[in-house]
Structure formats: C-alpha cells, structure tokens
Amino acid sequence: MLASAIIVFRETLEAALLVGIVAAASRTISGRARWIVGGILAGAVGAGLVALFAGRIALLFEGAGQELFNAVVLAMAILLLGWHQIWMSAHSKELAAGAQQVAKDVREGRRELSAVFVVIALAVLREGSETVLFLYGLLSGGDTSKGALASGGLAGLLGGAALGTLLYAGMLRIPLRWFFSVVSVLILLLAAGLASKMTQLLVQADLLPSLVSPLWDTSSVLPSDSMLGILMHALAGYEPRPAGMQVVLYALTIAVILVGMWLVRRSASPAR
Amino acid sequence: MKTLLPFVACLLLGISAQAAGTDPEFALTIRDHRFEPAELRVPAGKKIKLVIDNQDSTPEEFESHELNREKVIPPKSKVPVYIGPLEPGRYPFVGEFNARTAKGVVIAQ
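Chains A and B are the protein sequences, given in the same order.
Counting from 1 along the first sequence, just add 45 to a position and that's the residue number in our numbering.
Counting from 1 along the second sequence, just add 558 to a position and that's the residue number in our numbering.
Bear in mind the hints are in silico, worked out from the structure with no lab data behind them.
Just so you know, even glycine gets a beta-carbon here, dropped at the ideal spot from N, CA and C.
Take the hints with a grain of salt, since some may be wrong.
A few chain B residues facing chain A, derived, Cβ under 8 Å [said to hold, decoys possible]:
(1) Phe-584
(2) Arg-592
(3) Ala-596
(4) Lys-604
(5) Pro-617
(6) His-623
(7) Phe-655
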C-alpha cells in the first residue's frame, strides 16, 4: 500500500502543483473553473489512452519513442507557459490595478483559457499515464491485494491534490500587488523545470549530449526522495544530480522568457 | 576562463562521442520482477547503451536517482536507456513498479 501511495503521490503532486499555479494565475478570468476541470478530465482520459498504447509508443524511433513523446508534451507545455508569461508581462500593471479589467477583453480571455485548458491537460496526461501503468502492473502482478492497492493509490492521489489545493489557497492570500510577481516567478521556475526534465529525457535517449553527468551532486544535502526534494522538484525542477545540458536548457528557458517579457513590456509602455 | 576549460572540453568530447555512435552496449533482463544480472559492470568514463529486455507480462519502470534515469519498460519488449559517462563507483537502480524484488547496481570501473 505504501509503495502505491508514494508513487501516485509523487506523480499527482507534480500535476497538482502545476494546476494550482495555473488556476491561481488565471484568477482574473471569469468562467475559468470549467476550463480547469475540463483540462483535468481531458488529461485523465489522455493518460489512459497513452498508458494503453505505451508499449507501441515506446518501441517507436528505435526505442526512443517514450522519451520523444514526453519531450514533445513537455515542449508544448513550456511554450504555453512561456507565452502566458510574456502575455502577462504586457498586462501586469492593469492586472495588479484592477483584477476585472483584463477579463473584459473577452477575446484575449478566451485565448488564455484555452491555454489554461491545454497546459493542465498536458500535465495530467504526462503524470497520469505513468500512474495508470504502475497501478496496472500492480493489479496484474498479484502480490498486492486490490483493496490495499486502491487505498494506497487513493491516499496518494488525495495527498497530492491536497498539496496542490494548499498552494492554490496560499497563493490567493497573497496581496494583489505582489500576487502577479509571485505567479510570474513560479511560472518561470515551472517552465524551466519542465525544460530540464525534457532535456533529461533527450539525453537518456541519446538525442542530446549530457555535457557533464552529473554537473554537481547535492543528493546528500537535499535527496530527491525527501519531502522537500520532491516538492522542489515539482515546483522548480530541482535535481540532485543534473546533467550539464539540463542546467544549460534550464537557464536558457529562463533567459528566453525574460527577454521576451522585457521586449513586450518595452514595446507596450510608450503607447500607454 | 580556466574554470570553463573542463566544461568546454566535455562539450567537445560529448559531441565527438555523439558523432562516433559506437557506445558500448550492455544487456539487462527483467524476469519475474528481478534484474539479471543484478550487478552490471561497465567501463567508467564512457557513455553506455543499456538495452533493457522486459520478459514479464507487466510493465516495469527502470529508475535510478544515482544515474538520473527513469524509463517505463513495456511488457515483452526491449528498449534502450543511455547512461553515463560515469565516474568509477556504484549506481543502484530499481524497478519502481516492483521495488521489493527488482533491484540492481551498475558498477563503473
């Protein structure tokens, strides 16, 4: 039971923290709840489908199919988060001044909502498919009873979702004038963390060089299976033994988004 | 600048190894939720291609914090995982879906 609880918890937490941050970030847009719930449901259905075809996906591209598939899913999430971040920076002043104003721009609001939907669906799909495979393996493995498996899985799911909800509730308590800066930093770290994970997969499939492996080792200071390590991994892509290439892409993602934000803000400010 | 040199050297080495495409290959079999061999000796300082053959009828996840690797191995299939180049030492790995029995270690020397 414990094993299934921990695995499901870890996978759920990563998706739940992303959902929590994105849900908080889109607080000013009316009608977002439907899109968030829709994203979670679509992701769950997608996870089932991916798990169903996992065997076939894995064997594509000489056995690199799984890494490529996940890397593409991650790349789409990174692009959406980066786009959201840059869009926000052009509107941050209005957002901080009066939360309702931006929501009036229906067209942009709708575009934003479809991004929320897709980014949540992608996160749930990626984390969920592994969970489904694991639970399937346990079920057919036979050494754990179905009751224990179900209660473990449920405990993990609830634990992960609770932490995501906690983060969301905590973020909503942040005063509005700081709120969008906090959201901005969290999304930046989230996107960079996903870029690092994507790089790790491409190194594992030998599609990118590792450069140095590992670049550093902080596993004795903050192990990746400690609670804080798991949390930092989910929030900011923390890894105790990253390949050099992961660190390069992590930094590059932050740099590209920051430059994008700066360019958008610069071109937007003289007009107002 | 001096501190950058090893980094640049690694970069060039990494790219040249990439071009050569002749990474030493090692086989790892999963049977009855156990790894065979449970101890895999590999040369240090080289990128290694691990070919993992899951003969069980359930999926397994090859996972190692030490190797910074995580990959689902579908039932009845054979997939590659690239690791290293490694410093000499011991790198434990587990089959996360059956962590009680599926344990092993890569020994780089």
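Worksheet item: Honestly, which of those hints from before does the structure not fit?
Response: Result: hints 1, 2, 3, 4 break, sorted rising.
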